[in-house]
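Okay, here's what each chain looks like letter by letter:
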Amino acid sequence: MNQKSEYQAYETGYNPSYIRNPKNDYLFRLREQLKKLPPDELDDAMGYYDEYLSEAEREGTLDRKLASLGSPREAALNILKDKAYKEIEVSPPSASKGFKAVWLTILGIFASPIAIPIGLGIAMVVFGLVIAVFSLAFGVAFAVLSALFIIGAASVALIAAGIAGIVLSGSIFFTHIPSGFFFMGCGLLSLGAGAVLGLVTFRLIRLCLKIIKTLFGKWLPNLFKNIFPKRRKAAL
Amino acid sequence: MIFQLGTALLDACVLSVLSLQDAYGYTITQTVQRKINVAESTLYPVLKRLRQDSLLTTYDLPYQGRNRRYYSITNEGRTRLYEYQSEWTSYKDKVDSILFVERNEFGQPDDDGQVAISLKKPESGALRVRPEEEEA
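Line by line, the protein sequences are chains A and B.
The working numbering applies: residue 2 is where the first sequence begins, and numbers increase by one.
The working numbering applies: residue 3 is where the second sequence begins, and numbers increase by one.
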C-alpha cells in the first residue's frame, strides 16, 4: 500500500501547478470524496472521469456534461455504493453480526468520513448528561429528605425532653414550689416547640415525598421520551 | 421515467452497445443516454463491475496527448448478453400479459382466461366488473 496515487495533483494541499477551471474543480472535489479508496481503484475512477471530462472539453460540451453529471459527491456515492454491494456479495452473511458490520460499514461510507466518531461522541455526551441530571435530581431529593428527618428527630427529642421535664417537675413541687413551676414551664415549652416543629416537619416530609414521586414518575420519563422519539415510533 | 432501470438491465444495455464495436467511456455513455435517461454517474460503476467480472476488457489508445481507455466485450460478455436478452423477453412477456389484458368482441378477456379466471365473482355491492353497465 506504499503505492501513491497518480492523481496526486488533485490532492488537498498539494497543488503547485493546479489550474482552477470547472473540470479541475470537479476532479479535485471528486478525489476528495474518494480519498479513502485504495490507490489503484482511486486512480481508475479518477482516470475515467478525467478522460470523460477531457473528451467533453474537446467536443465543446463540457458545461452541459458537468451539469448533467451532478455533484462529485453523487459520482463518488455511486462508486462507493457499488463497492459496498460487491462486499456484501463476496462475504456471505454467515452470522447476523457479520452482516450488521457490513451494513454499518455502508452507512459509514455514505455518511461523511468523520460522522461515526462524532455520532459516538455526541451519544456519549448525551448519555453523560442524562446520568448527571438523574444523579442531581436524586441527590437533591435525598439531601433535603435527610435534613428533614434530622429536624424531625430533633423535634422528637424536644417532645421527649418536655414530657420528661413535666414529669420531673411533679417531684420538684414537693421540695420547692417555684422551682417546680419553673421546670413545668420549661417542660411545657419544650413539648410545645417540639410538637409544632414535628408537625411542620411531618408536613414538609410528606410534600417532599410527593415531589419525588412526580419527579421520578412523570418528569424524567417524559424527558426520556423527548430525547428518544425514534424508539417510540419504532414501537408503534 | 416512471420505471427504473435496474443494475442488471443497465449492465445488459452496456454489453449490448459494446457488442457492436469497442468504445470508450464518453461514447458509451452518449449512446446509452440517447435512448435511456439514466444518470451519467452510474455508468462508471457498471463498466468497472463488468470488467471485474471479465465480461469486458480494456486497452488504452493515445489520442491527442491523452489516453483513451477502450472497452471491448469478451466471449463471456457475449454469452451473458444473450442470457440477459432471453431473460428480458420472458420478463417483458409476463408483464405484458397482465398489463395488457384485452377484451375480444364478446367482451370476454382475451387471455385464455388466465388472468380473469383467478378473479372471483364479486359479491353484490362489491367492485364493479363492467363499468359500461353502470352508465346504461
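What the hints contain is simulated information worked out from the structure, not anything from laboratory work.
On a predicted model such as this, the values are computed, not experimentally measured, just so you know.
Each hint should be verified, as a subset may be incorrect.
What the simulated footprint calls covered on chain B by chain A, stretch by stretch (three residues with Cβ under 8 angstroms from a Cβ of chain A suffice, anywhere in the stretch; the number is not a length) [as the list claims (entries may be wrong)]: (1) 45-52; (2) 78-86; (3) 93-103.
Distance condition first, Cα-Cα at most 25 angstroms in a straight line; then the derived SDA-like pairs of lysine to any residue [as the list claims (entries may be wrong)]: (4) A:Lys82 with B:Glu42; (5) A:Lys36 with B:Thr44; (6) A:Lys87 with B:Arg68; (7) B:Lys37 with A:Lys226; (8) A:Lys24 with B:Ala41; (9) B:Lys50 with A:Val131; (10) A:Lys226 with A:Lys87; (11) B:Lys37 with A:Ser55; (12) B:Lys94 with B:Asp24; (13) A:Lys37 with B:Gln35; (14) A:Lys84 with A:Leu43; (15) A:Lys84 with A:Leu38; (16) A:Lys87 with B:Val40; (17) B:Lys37 with A:Ala57; (18) A:Lys82 with B:Tyr86; (19) A:Lys24 with B:Lys94; (20) A:Lys82 with B:Arg68; (21) A:Lys24 with B:Tyr86; (22) A:Lys82 with B:Lys94.
Where is the CB? At the ideal position from N, CA and C, for every residue including glycine.
Within a Cα-Cα threshold of 25 angstroms, do lysine 84 (chain A) and leucine 38 (chain A) meet the stated pairing?
10 angstroms, holds
Pairwise hint evaluation, threonine 44 (chain B) against lysine 36 (chain A), where the allowed Cα distance is 25 angstroms at most:
19 angstroms, holds
Has the given pair, lysine 226 (chain A) with lysine 87 (chain A), been kept, meaning a C-alpha gap of at most 25 angstroms?
39 angstroms, violated
With the threshold set at 25 angstroms, check whether the alpha-carbon distance from lysine 87 (chain A) to valine 40 (chain B) stays at or below it.
Holds, at roughly 21 angstroms.
Would you say the region 78-86 of chain B counts as covered by chain A, given the rule of at least 3 residues with C-beta under 8 angstroms?
Violated: only 0 residues of the region 78-86 of chain B have a Cβ under 8 angstroms from chain A.
So if I understand the rule, the pair passes when the alpha-carbon distance is 25 angstroms or less; does lysine 37 (chain B) with lysine 226 (chain A) pass?
Answer violated: lysine 37 (chain B) to lysine 226 (chain A) is near 52 angstroms, above 25 angstroms.
Starting from lysine 84 (chain A), check that the Cα of leucine 43 (chain A) is at most 25 angstroms away, please.
Judged against 25 angstroms, a Cα distance of about 12 angstroms means the pair holds.
Between the alpha carbons of lysine 82 (chain A) and glutamate 42 (chain B), is the straight-line distance 25 angstroms or under?
The hint holds at about 15 angstroms.
Holds or violated: lysine 50 (chain B) with valine 131 (chain A), Cα cutoff 25 angstroms?
The given pair, whose Cα atoms are some 49 angstroms apart, is violated under the 25 angstroms limit.
For a C-alpha distance cap of 25 angstroms, please report whether lysine 24 (chain A) and tyrosine 86 (chain B) respect it.
Judged against 25 angstroms, a Cα distance of about 36 angstroms means the pair is violated.
What's the verdict on lysine 24 (chain A) and alanine 41 (chain B), does the C-alpha distance respect the 25 angstroms limit or exceed it?
Answer holds: lysine 24 (chain A) to alanine 41 (chain B) is near 19 angstroms, not above 25 angstroms.
Distance restraint between lysine 24 (chain A) and lysine 94 (chain B), which requires alpha-carbon spacing of 25 angstroms or less
The given pair, whose Cα atoms are some 41 angstroms apart, is violated under the 25 angstroms limit.
Going through the hint list in order, the structure does not satisfy hints 2, 3, 6, 7, 9, 10, 12, 13, 19, 20, 21, 22.
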